[in-house]
Amino acid sequence: MTGCIAMVQKDGALRRAEILSIKETKSGRQFYCNFDNFNKRLDEWVPAHRIDFSQEVEWPAPEKPKDKTKAAPAAKKTVATKKGQKRQVPASKREDSVASEGSTQPWPEFADSQRVTPDAEGDEKLTMALDLDATPEATDPMDVDDAANEAALAKTEAPKRYSRKEEIEKLRTGGSMTQNQAEISRIRNISKVQFGKFDLYPWYFSPYPEVFTQEDLMYICEFCLCYFGDIKSFTRHRQKCTLQHPPGNEIYRDDNVSFFEIDGRRQRTWCRNLCLISKMFLDHKTLYYDVDPFLFYVMCVRDDKGFHLIGYFSKEKESADGYNVACILTLPQYQRKGYGRLLIQFSYELSKIEGKLGSPEKPLSDLGLLSYRQYWTENLVEILLQYNERDDRISIDTLSTTLAMTTADVEHTLQALKMQVYHKGEHKIVLPTALIERHEKMREKQKVKPKRVIDPKRIQWVPKTWGPANRTWGW
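The numbering of the sequence shown is the working numbering, which starts it at 62 and goes up by one.
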C-alpha cells in the first residue's frame, strides 16, 4: 500500500523507507521507495523480496471524513442594486468572476503537453576552496530554489492559465521552463538504461512514453539516441543505424575530446532525445519539447567505433539576459573525471570569441553551483596570484573582461571566498593564506596528473547572426 513505511534492503542493510508508488512490470510487482536520510536521487524501485515484512510496518493514517456541519460559511459581500436595495453575493462567485475577467483561455495544444526535456546542471564535486565543501546555503543569492517547497505549493494552488503569447514569454524568461512546478516531485519512471557499454540507473523522472515504464531495462542507441524497450528491436536498429557521431559540425578536436555544434531547429529529434536522457539526471530544470531556440554543444570521446557522448551544454541562440549556458550535464559514468570543467571552460571560450561576458542561467542546481564555483575560484586565484607577483593593481572589471565572466559572478565568488573586504574607505581584494596553500597543492598534483583543459587555438568556430525565424519557438 502506498504511503506505508517499512524496512527495505539497501546496500546490504535494512533501512527505513516510505513506499511512494507500486507498479507491475514484466518481472513482477515493484515498489518505489524513498529512504530516510538519503538524497532523492537514491530513491529506487525494489522488488517485494527486498522488503522485510517480518518487522513492524507503519501504515498511513486513514483520511478523516469531512464534517460538513463545521464547514465555515462562505463570506458574503453586500452589493447595491439600481433601486438602492442590497443583495448578498457569495465569495466563491466573486472569485470566479474575477478569474474569468483577469485571465484568458488556455492554449489547447499546450494544456495537454507539459512534457519536458531538460535544461542543464553540473556534475563534479568540489575538493577546493574555503566555503565550497558543502552544498551551498539557502541564503546564497545564487543558490537553488527549494524544489520540494515549490512542488508542495504548486499542488495547493490552482493551475494558472496563460494565453499563447504569455506562455511563450514565460517559457523564454523563466528559470524553470515549465509551468508545472509539481513536475519536479514526480516519481522516477525508468529503472535501468543500457547506453553503449554502460548500464545507467536514472536519478529522476523523465517523460519517456509510458510503455517503457513497464520494462526492466530500456535500450538507447549511443549515437542516434533512439530508445527501445526490448533487445530484439534494439539489435535490429543497431544493424541499420549508420550514425557514428552527433549530427552537427565538429568545431573542436584535441587528443582527448571533440565538440560538436548542433542546431536544435535542424536536428529536432536528436536534440529532443538528448534532452530526454539528460532529464533522467536533472531534477532542477525542465524544458518543453521545442528545441528550436537552442544550440547544443556536445562533447565526445573518440575510438575506432565512433564518437561517444560524454556530456553537453545548451545555450539560447539569442539570450536577452546574456546567458552563455542554459543547461549543462556530464553523464554519470564520466563524472568526477574533469569533463565538467571542460564543458564550463568551453562555454567561456565561446563567449570570448563572441566578445561578450557570459554567465550560466540562474538559478543553478546544487551540483551546478559547486562546479561553477570551482571553475571560477581556480581562475580568479590564478590571475590574482599573477598580479600579486608583479605587484600590480587589478579591478573587478579587469577580472571580468579577462575571464569573460560577468561582474556579478566575479563579486559573488570573491564574497563567497571572503576575499573582498572594505578597508580605509575603499574595497580591496585579499588572498587568504589557506586559499593560496590549497592552490599551490593543486598545482603540485597537476604536475603529476595534468588537468584537462581546452586549447583555444583549436576552436574552429565563428559566431552566427540569427534571424527571427531561427531563434523563436517553432509553434
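In case anyone wonders, no lab produced these hints; they're calculated from the structure.
Just so it is clear, CB atoms sit at the ideal spot from N, CA and C, and this is done for glycine as well.
Careful, some of the hints might be misleading.
The calculated label-pair distances, taken between Cβ atoms and stated as ranges, are [said to hold, decoys possible]: (1) Lys398 x Cys302: 42 to 48 Å; (2) Thr463 x Pro493: 45 to 51 Å; (3) Ile83 x Glu439: 45 to 51 Å; (4) Val362 x Lys518: 19 to 25 Å; (5) Ser294 x Glu501: 52 to 58 Å; (6) Pro524 x Lys293: 22 to 28 Å; (7) Lys293 x Gly257: 26 to 32 Å.
Here are the computed lysine to any residue pairs in the SDA-like style, where the Cα-Cα straight-line distance is at most 20 Å [what the hints assert, rightly or not]: (8) Lys253 x Gln275; (9) Lys417 x Glu377; (10) Lys508 x Asn317; (11) Lys525 x Leu418; (12) Lys101 x Glu79; (13) Lys253 x Lys301; (14) Lys253 x Trp264; (15) Lys510 x Lys378; (16) Lys84 x Cys287; (17) Lys366 x Lys253; (18) Lys301 x Gly257; (19) Lys87 x Glu276; (20) Lys518 x Asn317; (21) Lys479 x Ile455; (22) Lys479 x Ala469; (23) Lys253 x Gly89; (24) Lys253 x Glu311; (25) Lys398 x Glu276; (26) Lys479 x Lys506; (27) Lys417 x Asp382; (28) Lys87 x Lys301; (29) Lys417 x Asp458; (30) Lys506 x Thr494; (31) Lys398 x Val514; (32) Lys398 x Glu439; (33) Lys87 x Lys101; (34) Lys378 x Lys506; (35) Lys479 x Glu439; (36) Lys366 x Glu311; (37) Lys366 x Tyr280; (38) Lys417 x Ser294.
Hint check results:
Separation of lysine 398 from cysteine 302 is about 27 Å and departs from the stated range, judged on CB atoms against 42 to 48 Å. For threonine 463 paired with proline 493, a C-beta distance near 21 Å fails the hint of 45 to 51 Å. Isoleucine 83 and glutamate 439 have their C-beta atoms about 47 Å apart, which keeps the hinted 45 to 51 Å range intact. Judged by the Cβ atoms, the range 19 to 25 Å given for valine 362 and lysine 518 holds: they are separated by roughly 21 Å.
At about 55 Å, the beta-carbon gap between serine 294 and glutamate 501 stays in the expected band of 52 to 58 Å. The beta-carbon spacing between proline 524 and lysine 293, approximately 46 Å, falls outside the hinted interval of 22 to 28 Å. Evaluation of the 26 to 32 Å hint for lysine 293 and glycine 257 yields a failure: the beta carbon distance comes to about 19 Å. A hinted pair counts as satisfied when its Cα atoms are at most 20 Å apart, and lysine 253 with glutamine 275 qualifies at roughly 11 Å.
Under the criterion of a C-alpha separation no larger than 20 Å, the hint pairing lysine 417 with glutamate 377 is consistent with the structure, at around 14 Å. Under the criterion of a C-alpha separation no larger than 20 Å, the hint pairing lysine 508 with asparagine 317 is consistent with the structure, at around 18 Å. Between lysine 525 and leucine 418 the CA atoms are separated by roughly 17 Å; this keeps the pair inside 20 Å, and the hint holds. Proximity of lysine 101 to glutamate 79 is assessed by CA-CA distance (about 12 Å); at most 20 Å being required, the pair is judged to hold.
A C-alpha spacing of about 24 Å is found between lysine 253 and lysine 301, which places the hinted pair above 20 Å, so the restraint is violated. The hinted pair formed by lysine 253 and tryptophan 264 meets the criterion: a straight-line CA distance of about 10 Å does not exceed 20 Å. Distance hint between lysine 510 and lysine 378 is unfulfilled; the C-alpha atoms sit about 37 Å from each other, more than 20 Å. In summary, the hint linking lysine 84 to cysteine 287 is not supported, as the alpha carbons are separated by about 25 Å, beyond the 20 Å threshold.
Under the criterion of a C-alpha separation no larger than 20 Å, the hint pairing lysine 366 with lysine 253 is inconsistent with the structure, at around 24 Å. This hinted pair checks out: lysine 301 and glycine 257 have alpha carbons roughly 16 Å apart, not beyond 20 Å. Distance check on the hinted pair: lysine 87 and glutamate 276 sit about 7 Å apart at the alpha-carbon level, within 20 Å; holds. The straight-line distance between the Cα atoms of lysine 518 and asparagine 317 is roughly 15 Å, inside the 20 Å bound, and the hint therefore holds.
A hinted pair counts as satisfied when its Cα atoms are at most 20 Å apart, and lysine 479 with isoleucine 455 qualifies at roughly 17 Å. Proximity of lysine 479 to alanine 469 is assessed by CA-CA distance (about 15 Å); at most 20 Å being required, the pair is judged to hold. Restraint check: the Cα-Cα separation between lysine 253 and glycine 89 comes to about 15 Å, which is no more than 20 Å; the hinted pair holds. A hinted pair counts as satisfied when its Cα atoms are at most 20 Å apart, and lysine 253 with glutamate 311 does not qualify at roughly 31 Å.
Note on lysine 398 and glutamate 276: the hinted pairing is violated, with a Cα-Cα distance of about 31 Å set against a maximum of 20 Å. A hinted pair counts as satisfied when its Cα atoms are at most 20 Å apart, and lysine 479 with lysine 506 does not qualify at roughly 25 Å. At most 20 Å may separate the alpha-carbon atoms for a hinted pair to count; lysine 417 and aspartate 382 meet this at roughly 12 Å. A threshold of 20 Å between alpha carbons decides the hint, and for lysine 87 with lysine 301 the separation of about 28 Å lies outside it, so the pair is violated.
For a cut-off of 20 Å, the pair hint linking lysine 417 to aspartate 458 stands: about 13 Å separates their Cα positions. Of the supplied pair hints, the one linking lysine 506 and threonine 494 holds, its CA atoms being roughly 19 Å apart against a limit of 20 Å. Straight-line distance between C-alpha atoms of lysine 398 and valine 514 comes to about 12 Å, which keeps the hinted pair within the 20 Å bound. The suggested pairing of lysine 398 with glutamate 439 holds, with an alpha-carbon distance near 16 Å, which does not exceed 20 Å.
Distance hint between lysine 87 and lysine 101 is unfulfilled; the C-alpha atoms sit about 25 Å from each other, more than 20 Å. Annotation: proposed proximity of lysine 378 to lysine 506 is violated, straight-line Cα distance about 38 Å (limit 20 Å). Among the hinted pairs, lysine 479 with glutamate 439 is consistent with the structure: their alpha-carbon atoms are about 15 Å apart, no more than 20 Å. In summary, the hint linking lysine 366 to glutamate 311 is supported, as the alpha carbons are separated by about 17 Å, within the 20 Å threshold.
About 18 Å separates the Cα atoms of lysine 366 and tyrosine 280, which keeps this hinted pair within 20 Å; it holds. Of the supplied pair hints, the one linking lysine 417 and serine 294 is violated, its CA atoms being roughly 47 Å apart against a limit of 20 Å.
Consistency note: the structure conflicts with the earlier hints numbered 1, 2, 6, 7, 13, 15, 16, 17, 24, 25, 26, 28, 33, 34 and 38.
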